[in-house]
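So the chains spell out like this:
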Amino acid sequence: MNETTGGIAMDDESEGTIKKFMYINRKAPYGTVYALEALEVVLIAAAFDQDVSMVFCDDGVYQIVKGQHTKFIDVKNFSPTYRALEGYDVEKLYVSKESMDERGLAEDDLLVDVEIVDNAKMADLMEDQDVVLSF
Amino acid sequence: MNETTGGIAMDDESEGTIKKFMYINRKAPYGTVYALEALEVVLIAAAFDQDVSMVFCDDGVYQIVKGQHTKFIDVKNFSPTYRALEGYDVEKLYVSKESMDERGLAEDDLLVDVEIVDNAKMADLMEDQDVVLSF
Amino acid sequence: MKIGLLINEGPYQHQATDTAYLFAKAALAKGHEIDRIFFYHDGVNNSSSLTEPPQDDRNIVERWSKMAEEHNVDLVVCVAAALRRGIKDENLAAGFRISGLGQLIEAGIQADRLVTFGD
Amino acid sequence: MKIGLLINEGPYQHQATDTAYLFAKAALAKGHEIDRIFFYHDGVNNSSSLTEPPQDDRNIVERWSKMAEEHNVDLVVCVAAALRRGIKDENLAAGFRISGLGQLIEAGIQADRLVTFGD
Amino acid sequence: MLHTVNKSPFDRNSLESCLKQSKDGSAILFIEDGVYGALANTKYSDMVKEAMKSRKMYALFPDIEARGMQDKVIDGIKMIDYEGFVDLVVEKNAVQSWL
Amino acid sequence: MLHTVNKSPFDRNSLESCLKQSKDGSAILFIEDGVYGALANTKYSDMVKEAMKSRKMYALFPDIEARGMQDKVIDGIKMIDYEGFVDLVVEKNAVQSWL
Chain F
1 MNETTGGIAM DDESEGTIKK FMYINRKAPY GTVYALEALE VVLIAAAFDQ
51 DVSMVFCDDG VYQIVKGQHT KFIDVKNFSP TYRALEGYDV EKLYVSKESM
101 DERGLAEDDL LVDVEIVDNA KMADLMEDQD VVLSF
Chain V
1 MNETTGGIAM DDESEGTIKK FMYINRKAPY GTVYALEALE VVLIAAAFDQ
51 DVSMVFCDDG VYQIVKGQHT KFIDVKNFSP TYRALEGYDV EKLYVSKESM
101 DERGLAEDDL LVDVEIVDNA KMADLMEDQD VVLSF
Chain Y
1 MKIGLLINEG PYQHQATDTA YLFAKAALAK GHEIDRIFFY HDGVNNSSSL
51 TEPPQDDRNI VERWSKMAEE HNVDLVVCVA AALRRGIKDE NLAAGFRISG
101 LGQLIEAGIQ ADRLVTFGD
Chain L
1 MKIGLLINEG PYQHQATDTA YLFAKAALAK GHEIDRIFFY HDGVNNSSSL
51 TEPPQDDRNI VERWSKMAEE HNVDLVVCVA AALRRGIKDE NLAAGFRISG
101 LGQLIEAGIQ ADRLVTFGD
Chain S
1 MLHTVNKSPF DRNSLESCLK QSKDGSAILF IEDGVYGALA NTKYSDMVKE
51 AMKSRKMYAL FPDIEARGMQ DKVIDGIKMI DYEGFVDLVV EKNAVQSWL
Chain X
1 MLHTVNKSPF DRNSLESCLK QSKDGSAILF IEDGVYGALA NTKYSDMVKE
51 AMKSRKMYAL FPDIEARGMQ DKVIDGIKMI DYEGFVDLVV EKNAVQSWL
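Residue numbers (my numbering), protein chains in the order written: chain F, 1 to 135; chain V, 1 to 135; chain Y, 1 to 119; chain L, 1 to 119; chain S, 1 to 99; chain X, 1 to 99.
These are computed hints drawn from the structure, not numbers from a lab.
By construction, the Cβ of each residue, glycine as well, lies at the ideal position given by its N, Cα and C atoms.
Each hint should be verified, as a subset may be incorrect.
Claimed, not checked - Incomplete in silico selection of chain V near chain X, CB under 7 Å:
id : residue
1  : ASP58
2  : ASN77
3  : PRO80
4  : GLU127
5  : VAL132
6  : SER134
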């Protein structure tokens with residue numbers, strides 16, 4: 001457990017608690033490091049047995065678009081990792097309908113299965129969380 | 001001279017040249033360091049006897065608004081320094097009319113004398129430069 | 001109440017660290033506990049012992065160290081983000097420790113509130 | 001042609017430094033001269049000798065050092081910005097030197113073009 | 001829920017995003033360059049006033065004053081200091097920072 | 001003159017600012033997250049197409065491809081690589097980066 005939790009042993013207090021964590025991704029990949037380092041947080045978080053959901057809205061929807069090839073900017077293409085999330089039991093992925101529409105993107109453009117929700121539903125989901133981390 | 005030029009002696013090649021330098025300020029003060037560090041560049045640049053102009057557009061217009069009091073955010077108020085620019089022979093200050101209008105600002109809100117120019121004139125001024133530095 | 005903070009930007013470049021500090025100070029003054037402050041992304045640069053701001057400017061790194069000492073605040077720097085950006089034990093300021101991302105999740109679980117400051 | 005660059009952001013956090021590097025590499029390959037690269041704001045963090053990215057990632061600092069060595073590019077780090085952010089001679093990577101803002105103006109005067117990369 | 005906005009609406013889309021994805025009854029706090037979103041007579045004032053009908057809005061006074069905007073804030077936006085910020089965080093169930 | 005835009009128009013105002021303050025006949029290059037401004041069928045496509053009537057537009061292909069946008073670029077925007085970027089800088093009298 002120490003390995004996957006980033007080198008710490010969870011104490012008694014945290015072991016019993018299950019909180020709702022939401023990770024909100026609002027930024028495009030590659031232009032800044034937030035998308036990559038947010039993904040690293042979610043992968044670690046998966047080991048803690050909390051209730052995890054991930055949101056992609058605004059330019060964050062570009063993170064999970066198919067067909068990324070980063071060879072010529074000399075940066076690692078981390079988009080395949082989103083497909084691995086399911087194996088970490090991170091299954092609640094929500095994408096903003098309005099953000100998709102503004103960008104002319106369709107569900108078929110995305111490389112993972114997601115639930116597409118409108119702004120009102122997104123606001124409801126957000127309101128229901130214990131901890132919201134936004135990148 | 002070494003002192004004011006940041007510790008360097010200008011060589012023969014640079015001594016004879018006079019270029020048009022434009023410093024474009026597009027960001028608000030305090031939220032990021034760009035406004036302050038851009039001002040530091042302009043103060044040094046003044047020692048080089050080049051043709052210097054400064055532009056304030058977009059949120060950059062907020063840099064030169066009167067009445068800034070930074071005591072409670074524990075940061076130095078550098079706005080008085082804009083008034084000192086004249087003493088450094090930096091006299092060409094241009095402010096975007098459209099940026100002022102969108103923000104509901106009037107010339108009277110500004111702490112220095114400036115020339116207010118519209119987008120077309122701003123584009124003309126920019127086009128006329130040898131070196132444009134944008135912060 | 002137990003409050004945790006996440007800080008995503010470095011010192012001087014963005015106001016985020018200043019706001020986080022002044023928020024933490026106010027929370028401590030009101031008797032709340034600042035459980036842990038986690039430094040991620042460029043936020044890890046808050047822990048560099050080598051910073052030397054001008055005399056008339058605030059010393060951001062020292063402020064954190066002092067807060068850690070006076071109020072027993074746990075200042076945790078993300079190891080992966082720190083290695084990418086050149087923060088290691090040799091230039092780590094007093095009061096900070098380097099550890100894994102699990103510490104951030106743990107802060108989210110243990111604190112009553114987790115507040116993010118960034119760009 | 002003589003080209004100068006101004007880099008305003010640190011490594012890994014923003015793509016600006018990557019773009020600047022690939023631009024400089026292409027310019028050198030085409031036979032242009034990269035006269036000087038000036039690192040300002042968080043850009044000074046490009047010169048930290050302590051960075052240690054993951055094995056499968058690019059090493060941004062080393063790339064600059066290598067370029068300086070192979071093509072005699074003058075890599076200048078702004079002293080005031082560097083002190084604020086904890087870059088000093090003791091953690092300055094090979095090929096970089098610390099100097100004043102005058103070097104930026106000088107680059108603007110001497111180079112045929114000055115291109116800014118930032119956030 | 002408490003939402004914080006720290007970017008100018010002229011520069012970024014975060015205020016608009018926040019208004020669209022926050023619920024009626026939630027609280028919105030303007031901090032740092034976000035305080036430019038709390039001002040009267042700007043391109044964004046009407047959008048903010050409309051949102052104020054269903055949400056409670058706050059602005060961090062130290063940031064307002066730093067920027068010289070103390071006389072320009074929209075009526076009805078409550079000015080608070082860092083202590084008030086802490087109180088809001090304690091009062092609400094969670095905080096979302098629109099960065 | 002060459003203008004570079006490195007931010008998404010959805011996130012920042014820099015593309016709009018650039019279009020308003022650049023002259024007819026100038027060149028605009030989309031790089032980094034700026035390439036999202038070069039795409040068809042988005043909220044900003046019409047604004048960009050209108051500007052293309054009087055300005056020459058380029059997009060950095062390595063950035064387009066990194067983001068998986070190779071099939072979505074507006075017709076008439078010229079794709080270039082880093083060498084093409086260098087050529088543009090050399091060709092034009094000065095560069096303004098809209099950061």
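Quick rundown of the hints versus the structure:
1. ASP58: Holds, because the Cβ-Cβ distance from ASP58/V to chain X comes to roughly 6 Å (cut-off 7 Å).
2. ASN77: This interface hint is violated because 24 Å lies over the 7 Å limit.
3. PRO80: 26 Å, violated
4. GLU127: Where the cut-off is 7 Å and the nearest Cβ of chain X is about 5 Å from GLU127/V, the hint holds.
5. VAL132: 4 Å, holds
6. SER134: Holds - the Cβ of SER134/V comes within 7 Å of chain X, reaching about 5 Å at its closest.
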